[in-house]
Amino acid sequence: GAGVSQSPRYKVAKRGQDVALRCDPISGHVSLFWYQQALGQGPEFLTYFQNEAQLDKSGLPSDRFFAERPEGSVSTLKIQRTQQEDSAVYLCASSLGYGGDEQFFGPGTRLTVL
Amino acid sequence: GENVEQHPSTLSVQEGDSAVIKCTYSDSASNYFPWYKQELGKRPQLIIDIRSNVGEKKDQRIAVTLNKTAKHFSLHITETQPEDSAVYFCAASFFIGNQFYFGTGTSLTVIP
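Those protein sequence lines, which keep their order, are chains A and B.
Counted the way the working numbering counts, the first sequence spans residues 5 to 118.
Counted the way the working numbering counts, the second sequence spans residues 120 to 231.
Honestly, I wouldn't trust all of these hints.
[To be verified] Computed cross-link-like contacts, SDA-like style, restricted to lysine to any residue with a CA-CA straight-line distance of at most 20 Å:
# : chain 1 : residue 1 : chain 2 : residue 2
1 : B       : Lys176    : B       : Lys161
2 : B       : Lys161    : A       : Ala6
3 : A       : Lys15     : B       : Lys161
4 : B       : Lys161    : A       : Ser99
5 : B       : Lys161    : A       : Ala42
6 : A       : Lys61     : B       : Lys176
7 : B       : Lys161    : A       : Glu48
8 : B       : Lys161    : A       : Lys61
9 : B       : Lys161    : A       : Ile30
[To be verified] Cβ-to-Cβ under 10 Å is the rule here; a few derived chain A residues that face chain B:
#  : residue
10 : Pro47
11 : Glu48
12 : Thr51
13 : Asn55
14 : Ala57
15 : Gln58
16 : Asp60
17 : Ser62
18 : Leu64
19 : Pro65
20 : Ser66
21 : Phe69
22 : Phe70
23 : Asp105
24 : Glu106
25 : Gly112
FYI, nobody ran anything at the bench for these hints, they're computed from the structure.
Every residue, glycine too, gets a C-beta built ideally from N, C-alpha and C.
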């Protein structure tokens, strides 16, 4: 079946622009995660949804970052007034259950802020 | 929160040799430890995982060992092949909360 998909795969933004990154999780997966992966580093947690509820947003680096999952399926990560330090790969992952199981990753969105 | 350290950062082995990557974690409440393989420009993919009630798990050429007392776990790849070349990440997770805390990655190169 289809895995986790993300769009766009690549995004170039001018500093100060707003961007929206989309994640389509595996159908039926309860949990959805967003991670930020800087070049040469491991993914770092941003935020976590269980169905439509955002249960943890402690990893969001500033109030310019906002995520939603209004119907418990597709999720959008929005970054307002982008800055150069926002340049990274943004990974979305989903898992079937509520805790402690495999997370399936999407291919990521590579964001470059000029 | 949890802190995961991973060593070495780079590893080169000859084809057919074994490779070992080690990780330590700080929070004794962590109970799920996955290992992901990430090829250049691709998504991370799970290769093996272990839960805290098990000390060792093996899947063909890949094995993971866990020492809860010392809070460390290791990935072992035997009979390495060029297609094993990739970046490997360890991670730790609590059951509740469920986010993964990743190590900084090990770039493995298998030399034919």
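Do the hints match the structure? See the list:
For the given pair, Lys176 (chain B) sits about 26 Å from Lys161 (chain B) by alpha-carbon distance, which is inconsistent with the 20 Å threshold. Our distance criterion of 20 Å between C-alpha atoms is met by Lys161 (chain B) and Ala6 (chain A), whose separation comes to about 16 Å. Of the pairs offered as hints, the one joining Lys15 (chain A) and Lys161 (chain B) holds, with about 16 Å between alpha carbons and a cut-off of 20 Å not exceeded. With a C-alpha separation of about 19 Å, the suggested pairing of Lys161 (chain B) with Ser99 (chain A) holds against the 20 Å cut-off.
The straight-line distance between the Cα atoms of Lys161 (chain B) and Ala42 (chain A) is roughly 14 Å, inside the 20 Å bound, and the hint therefore holds. The hinted pair formed by Lys61 (chain A) and Lys176 (chain B) fails the criterion: a straight-line CA distance of about 33 Å is larger than 20 Å. Under the criterion of a C-alpha separation no larger than 20 Å, the hint pairing Lys161 (chain B) with Glu48 (chain A) is consistent with the structure, at around 17 Å. Proposed proximity of Lys161 (chain B) and Lys61 (chain A) is contradicted: the alpha carbons are some 26 Å apart, above 20 Å.
Taking the CA atoms of Lys161 (chain B) and Ile30 (chain A), the gap is near 18 Å; set against the 20 Å cutoff, the hint holds. Interface hint status for Pro47 (chain A): upheld, as the beta-carbon distance to the closest one in chain B is roughly 5 Å, under 10 Å. Evaluation of the Glu48 (chain A) hint against chain B yields a held restraint, the C-beta minimum of about 7 Å falling below 10 Å. Of the supplied interface hints, the one on Thr51 (chain A) holds, with its beta-carbon coming within about 9 Å of a beta-carbon of chain B, less than 10 Å.
With a least beta-carbon distance of about 13 Å to chain B, the hint placing Asn55 (chain A) at the interface is violated under the 10 Å criterion. Below 10 Å, beta-carbon pairs count as interface contacts, and Ala57 (chain A) has none with chain B, the closest being about 13 Å; its hint is therefore violated. Given hint, Gln58 (chain A) at the interface with chain B, is violated; its Cβ is 13 Å from that chain's nearest Cβ, farther than 10 Å. Taking 10 Å as the C-beta contact cut-off toward chain B, the hint placing Asp60 (chain A) at the interface holds, the least distance being around 7 Å.
For Ser62 (chain A), the shortest C-beta to C-beta distance to chain B is roughly 8 Å, which falls under 10 Å, so the interface hint holds. The beta carbon of Leu64 (chain A) comes no nearer than 12 Å to any beta carbon in chain B, farther than 10 Å, and the hint placing it at the interface is violated. For Pro65 (chain A), the interface hint is violated, the least distance from its beta-carbon to any beta-carbon of chain B being 15 Å, above 10 Å. A least Cβ separation of about 18 Å between Ser66 (chain A) and chain B goes past the 10 Å threshold, and the interface hint is therefore violated.
About 16 Å separates the beta-carbon of Phe69 (chain A) from the nearest beta-carbon of chain B, more than 10 Å, and the hint is not met. Proximity of Phe70 (chain A) to chain B is violated relative to the hint, the smallest CB-CB distance being about 18 Å (cut-off 10 Å). At a threshold of 10 Å, the smallest CB-CB gap from Asp105 (chain A) to chain B is about 8 Å, leaving the interface hint in force. Hint status for Glu106 (chain A): holds, given a least beta-carbon distance of 5 Å to chain B, under 10 Å.
Checking Gly112 (chain A) against chain B by beta carbon gives a least distance of about 6 Å; that is within 10 Å, so the hint holds.
Consistency note: the structure conflicts with the earlier hints numbered 1, 6, 8, 13, 14, 15, 18, 19, 20, 21, 22.
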